[in-house]
Amino acid sequence: MALNTCSEGISFARELEEAAAGMYERLAELFPADAETFRGYAAANKKNVSNVERAYFGVITDALEGCYAFNIEPEDYSIDVSLPEGTGRAEALAKALAVEETMLRYYQVAAEQSKGLMADVPRAFTLVARKRAERIEELKSLAAR
Amino acid sequence: MALLEEPIKEVKVLKNYIGGEWVESKGEIVDVVNPATMKTIAKVPISTADEFDAAVQAAQAAYPDWRRTTPLARSRILFRFKELLEENFEKASRIQTQEHGKTIDESRGETRRGIENVEVACGIPTLMQGYISEDVAHGIDEWCMPTPLGVFGIIGPFNFPWMIPLWSAPYAVATGNTIIIKPSSEVPNSQVLLAELAEEAGFPPGVWNVVHGGRTVVNAMLEHPGIKGVTFVGSTPVGLDVIYRKCGETGKRVIAQCGAKNFMTIMPDCSVDNTVASMMTSFFGNTGQRCLAAANAVIVGEDDDFYKEFVGKVVAAASKIKIGYGLDESVQMGPLRDRAKKENVLRYIEIGLSEGADLLLDGRNFTIQGDYPDDCFIGPTIFENVRPDSRLGSEEIFGPVMSIMRAKDLDEAIRITNANPFGNGHSIFTQSGAAARYYQYNVVSGNVGINIGITAPVAFFPFSGMKDSFFGVLHTQGKEAIRFFTESKVVIQRWF
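The listed protein sequences correspond, in order, to chains S and U.
Taking the working numbering, I'd label the letters of the first sequence as residues 1 to 145.
Taking the working numbering, I'd label the letters of the second sequence as residues 1 to 496.
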């Protein structure tokens, strides 16, 4: 069922960030050489959640279209964060890249659709999307090493 | 989607907060029912006149010291209060949903709007400054300073249990007055939490009091010589015939913010998709139980194709609204506050049909998301071909009912709008600056929206209202609230 309310949109972002953070913590255990990078990603994911929530709770108003902000199909943004035993580094990084690309798309759509709300909300989504784009480039160079 | 956790888990008998103590009432106890689940979530006393008198005495006793507390010291307590409100933001929001039925997004919006008034009142050291003229005559100086009056009564409505008392309370105490809040007995839990946080913030005993109850407490407030003024939000019959009249008789200051029948004028050049989204929030948000909810959509122009296409989009959007318990984040419209309010809306649907209006979307047929009793739920309802002078088109319904009417041009739309006795929050949707300017100049409405469906002023503007929507002179919120809660003392000084 489509996500329509602002609250749903924010909660879905939290779910994605937490799931991805869990994946990076696992990656840190599996590949100690890159552990610092992965742990940094996991920490940044948690910060993304608090930044988006701070924006939402800081400016939400009953006077704008909070209950009608979004029309997003969550299935379009489902992520696979599983890392079965024996997953190799290349495969794991490819998976992380796919997760990040999906999340980037989510934040871009959420930023676009929340433009009718107070400016802080789309701005927070845009900021996280920008960070995601940077992380995608980092993951690509990590995979190339 | 899973439900957010309910903050109220056990049924407690609520107490009054008088003179810094939580006091059991001797009055009758009635149930507070969650309108989505129909479960009792609290029991509230209907306090007696003697109990109200005790609160007045406590507030009067606290007043001299509180008045002497410097504005800066008062603002420090308000800053602490604001921090506590932020810490309890989510709890406060979920309590509103639990006791009122609104969606969690709506409750969070209400919480934020309430806190904004505390933030504005934190500026009291400068907001309360007076003014001075030197040498008004030879060697004579004159100045005017705002001074507090004493004890104020604040009567809260059922539709915004948290926010509406905060349109008054922070300004009243910031200016050095003491207060007694009477929350709606249908939704008292929000004001209990607020009083707990006021106590924790450090307001001295007796500055902030809460007395639960109904008519007896209201009448005691209106009669009591110790009450200097009253703020009220509720229906026009009560606001005019009871609150405003009685305050006039007893010489009290009064703000009576009352009923509404808000008209939304839709011009053919409007941004259609944005307008439709705004209409969903304005007509059906808070399940239509807000004095700034739009009730009548006046579609301007004789272009039948535009009319049909636009109305088709409105009906399609309203048909998709998800109805259910507001603690389910996916829900877009909660129940009405109680069965009687649902009965009232159902009665107006029948009235509309009997008056010959055409029912495009029947709110009597609806699906609830989740397993909840349908006692208080109703779906969005849309009528077209509604006559502005019909009961459906002219009376306040306070539910999710949209009445569509047509006007050949903007002048006719304004005429129709101004013919209604209410003047609370009319709005226009257009891309034309000239049309918007013409509309805002000519429409008689305390709050006017231009491409805004809910014309709710932010905390540093007055929450206005005209005609039968408001009785009084000054309004709640911002600078007008500061003036309402103070009187001007003019000093003329000469030294020999």
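Each hint should be verified, as a subset may be incorrect.
[Stated by the list, open to error] 27 Å max Cα-Cα, derived DSSO-like pairs, lysine-lysine:
id: 1; chain 1: U; residue 1: 82; chain 2: S; residue 2: 46
id: 2; chain 1: S; residue 1: 115; chain 2: U; residue 2: 320
id: 3; chain 1: U; residue 1: 322; chain 2: S; residue 2: 115
id: 4; chain 1: S; residue 1: 115; chain 2: U; residue 2: 313
id: 5; chain 1: U; residue 1: 82; chain 2: S; residue 2: 47
id: 6; chain 1: U; residue 1: 12; chain 2: S; residue 2: 47
id: 7; chain 1: U; residue 1: 91; chain 2: S; residue 2: 46
[Unchecked claim] Ranges between beta-carbon positions, derived for each pair:
id: 8; chain 1: S; residue 1: 35; chain 2: U; residue 2: 373; range: 52 to 60 Å
id: 9; chain 1: S; residue 1: 22; chain 2: U; residue 2: 461; range: 25 to 33 Å
id: 10; chain 1: U; residue 1: 309; chain 2: S; residue 2: 35; range: 24 to 32 Å
id: 11; chain 1: S; residue 1: 54; chain 2: U; residue 2: 142; range: 43 to 51 Å
id: 12; chain 1: U; residue 1: 351; chain 2: S; residue 2: 46; range: 29 to 37 Å
id: 13; chain 1: S; residue 1: 138; chain 2: U; residue 2: 204; range: 41 to 49 Å
[Stated by the list, open to error] Covered stretches of chain S, as calculated for chain U (at least 3 residues, CB under 8 Å):
id: 14; region: 2–12
id: 15; region: 63–71
Honestly, the hints are just simulated from the structure, not real lab data.
Note that the structure is a prediction, hence the values are computed from the model and not measured.
Ideal Cβ placement from N, Cα and C applies to all residues, glycine included.
Numbers of the earlier hints that this structure fails to satisfy, in rising order: When the structure is compared with the hints, numbers 6, 9, 10, 12 and 13 turn out to be violated.
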